[in-house]
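Engineer: Residue numbers (the numbering used here), protein chains in the order written: chain A, 1 to 484; chain B, 1 to 472; chain C, 1 to 252.
A hint or two may mislead.
One-sided excerpt, in silico: chain C residues whose CB lies under 7 Å from chain A [stated by the list, open to error]: (1) S11; (2) I12; (3) D74; (4) I91.
These are computed hints drawn from the structure, not numbers from a lab. All C-beta atoms, glycine included, are put in the ideal place defined by N, C-alpha and C.
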Amino acid sequence: MNEEKNNGKIIEEVTSGEYKYGFFTDIETETTPKGLNEDIIGFISKKKNEPEWLLEYRLKAYRHWLTIEEPDWALLNHPPIDYQDIIYYAAPVQKKTLDSLNEVDPELLDTFNKLGISLDEQKMLTGVAVDAIIDSVSVKTTFQDTLSKHGIIFCSFSEAVQNHPELVKKYLGKVVPYTDNYFAALNSAVFSDGSFCYIPKGVRCPIELSTYFRINAANTGQFERTLLVADEGGYVSYLEGCTAPQRDENQLHAAIVEIIAHANSEVKYSTVQNWYPGDKNGKGGIYNFVTKRGLCEGYNSKISWTQVETGSAITWKYPSCILRGDNSIGEFYSVAVTNNYQQADTGTKMIHIGSNTKSTIISKGISAGYSNNSYRGLVRISKKADNARNFSQCDSLLLGDKCGAHTFPYIKTNNSSAIVEHEATTSKISEDQLFYCQQRGIDSEKAIGLIVNGYAKEVLNKLPMEFAVEAQKLLAITLEGSVG
Amino acid sequence: MGLSKNKYFPLELSILKHYNDNHNGIYNSCHPKVKETRDSAIVQFENIRLPLTNSEKWRSTNLQDLYELEYLMGDEKPVFDKHINEIFQCNVRGFDTNVFSMLNGWYYNSNTQQIHTLDDGVIIGSILAAQKAFPELISKYFNEIASPSTHGLLAANAAVFTDGIFIYVPDNVESKKAVQLINMVNRDSNIMINSRNLVILGQNSSLSFLHCDDSINQHPAFLVTNTEVFLGENAKLDLYKLQNLNNWSTLANSTFVQQESNSKLKINVLTFNGGIIRNEFNIDLIGEGADADVSGIYLMDKKQHVDNQVMLKHSAPNCTSNEMFKGVLDESASAVFNGYIYVARDAQKTLAFQKNANILMTNEARIDSMPFLEIYADDVKCSHGATVGQLDKDALFYLMQRGISESDAKLLLMYAFVTEVTGKIMIEPLKVSIDDMVKKRLRGDLSICDKCVLHCSTPDIPIEFEIDLSKI
Amino acid sequence: MLLNIKNLHVSINGKEILRGFNLGVNNGEVHAIMGPNGTGKSTLAAAITGREGYEITSGEIIYKGQNINNQSPDIRANEGIFLSFQYPVEIPGVSITNFMRTALNAKREFEGLPAIKAGDFLKKMEEKKKLVDIQSKLTNRSVNEGFSGGEKKKNEIFQMAMLEPTLAILDETDSGLDIDALKVVANGVNALRSDKNAFIIITHYQRLLDYIVPDFVHVMFDGKIVKSGGKGLAIELEKRGYDWIKDQMANR
């Protein structure tokens, strides 16, 4: 038995999974010309019938964006992005308002059916409301009636601008100002649609809310914007999923998610990110540059991020929590899998400002093929954050000897009563574990899937039930090749 | 970009002027390798300039105020009139060393003899003298691993360094007696000192080297030291760095180490006092089976700042490394720890561990801890941990319940906290006196100490720690 | 013959451990393999189960009439070879339930059977748990993670009961067990004994053989069997130690 050769073969088999969502739907879309200038921004704003202040906001962001440069500190390599070679607005052509599902373009419905997401409320998983966004525009939001009975607003961002401008104006950019970073500035200038959710005081949202994002048109960037507000004592669990067709060129996705949690409220935000990762040789795939941040504004508020990252050619993403309210809690649970030539630089920031604030970070990175997978995280304890606590565990698993696994934690502490603990390990699947499984009749391919799922279990358990299974399958697909 | 348009800081102008004043003079008589290094480094310096907080590696250590000051550069070579023992007392009981010294940047031991061969065969002396005495070693080793382009201070150091220590332990020579280098500053004006050291250990050789940075008076000094260390196959080096400078001094201290197969390196950095101290270690394990153990303690108060940057590069398979840094920060002191383990693609079977633990005593004190791992080989075991916290409240209560005052109990626990590092000191008498120093430092007695850190073992201030720590 | 090992030579990293090992095992038989430490007993188990790094330099392992020298470990397992590990490894995050269902279905797939129904599987789990006195909670925990020595060994026997092997190899299953746990393990094994399967029990001490009575006892020394006999041989070894065997070898 030639150990190395055998191992190499196993890993190759296991890591040759195919992307299952790479189809393209032929639907009529309306697009702007390539490139970005103030006219394009004006066009987008007008198209969406936006109030003057929002156009102003976009233009300010754009002008700021022109003055700054793309960040280069992440461990990522890609050719320079030509921002004038991108289409900033693409929307499926459809009737102005949708009164029933019958009015949705059947091709579109079919797209979502292929993704395993039915927009037909009768056929849906019970207990999950979906906002479906294709290219830049929200096409359908389900269960709106049910939700409105509880006073919950769940709609596309564009609708929110029309129907609840006061809420949008109050919260937009509050957590992620357009000055925050390069991609946030870009998004603030050109964002097209996204989801908006407001949970009123004392309301526990009875069903899971979810948004499905789909990039369909070629050469387009996707710039959605999600805003989630939980008022005092509110609770919501929210999930986003995303896919894109297989294309040879890279496509840009630069989104912003903002969460505001008022006193005693709780927001759980889960992501299953499965944008097209490019082919086996690293051709094509989505550049995923996303700014996600939550503000624990009030006393005893809690924001929990859970992410399963399997897609994208490049992931640059740090879902963060600003723990301003006393006794507030921030959590970050992440599984990031990279294969072939994927690159991920992802992690979180936990900014402790209030006293008795707590944060937990559990990150599991899995690298295979020629990929590079970095955890990058900041834990900051400010001077006033008495009795702040953080625990971080960041583990990396390497499958094969051509990939990289990296850990870059930043711990900045300015308070003598804080307790911060960070642990990390890097290892590969042990020969002993593999042999033990094989001795029980489980072939090495399945064994790796089993062990990887076990390794990631702590995080997968944090996902809502309906999606945990999907996420497990996704890990299997990403790593297990023929086993699905 | 943009930077070159900014006007030069006074310190940058002094450095450039100093180079220009000398490059047709004494620099011309340097060894060709040294001359070439100086000439290319000054070009790099003009490009990269002095480091500012906008560069990632210097984000938490700000030297900009110092760049605005006027410094005396390249002081005159002092006339050797007093033996080192007259101005400096080193009386660690039972610790017998070969003492050498540098004064204001110059090798300071004798007026005539600049290179010595010790009884055990170790060769030590001035690096300027070594250019003439060992030209082939200079050609082979000088500036081979130190990378002046890392940052502006190193580029400046390479261009305008004054002197430095040269140590050569030939193959198979095992040094019996530790070599101690006292790097002193004694000048009545602001002074910048650039020294450049070269340490070469041949195959199967061994050396214990104690490097003390001390200031004697109360004037601001800016010390930049760059040391290159080569460990041949199976060589063994124990390196102790003791840093006890006045609160107006700045020390930027870089050490580049290259380790051949089965060599063993032990570094212990003990930072007790100083205004701003930056320690950079770049250790490259290029031979299979090499082992590096880098540890340090920092005990800082007032507005002191210490920044430890430790890059451990595993370039060959089957190497091991261990990093452990512990610090106590009182008053408005601040510290930075950036450990970096890099495992190259083919460095399989690497074992690498890294730990940083900190205790903050006040809300004015600050710590930035960045324990990094960058790994490109799969059959490795790497881990790191970082903690920030306080003294264990249960232990504190336990001690107080036994009648120990709160302040004494805290001292004891702080002492216990750092013993994990000081316990690694291999030379027993040194361990004992470092132990004393830690205790004194924690009591706040050391900041006024203006002599060698080892001096304080004289029992003028009794130290009372009679409780057996193993029982708590 | 179920298993026929002929003149087996096995090396680890170029060092020869098994040096001409021969053994024949028929259905319905229990063979005990005893011998001093470092004599190659665990290497034998690794060679039969196909562990990486154990190189067969010559000889044959014939199982069910087929040479399995180059068969992968999972195929051998699905053919009915089971190893109760001396040191069972921990697999974090993978529950025993999930692990067993995966293993059982792998075997069923190998045999061309459909996957087991969830209800049937749970029923089977309950039944087999009783056999080795395993607490229900244990099977929800990750495989071997944080298990005591006794729990690990019971878990091995439980898995054996679940997978119903044709040839079970117990590698030092008695080590680290107290007498109560030993009885539980032995009872489990005895309940599984039938004329359709066979056991190889590797042990250093005779103790386990009081509870699992072997048909044959072999003494291994320096990589091969040097003496074979019945149950009585084990008792003699217990009384006289291994030195007399060594002496006999030396005098040869």
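Engineer: Next step is simple, just say for each hint if it's right about the structure.
Structural biologist: Structure-based check of each hint:
1. S11: violated, 12 Å
2. I12: Not OK, violated: I12 of chain C not within 7 Å of chain A, min 12 Å.
3. D74: holds, 4 Å
4. I91: holds, 5 Å
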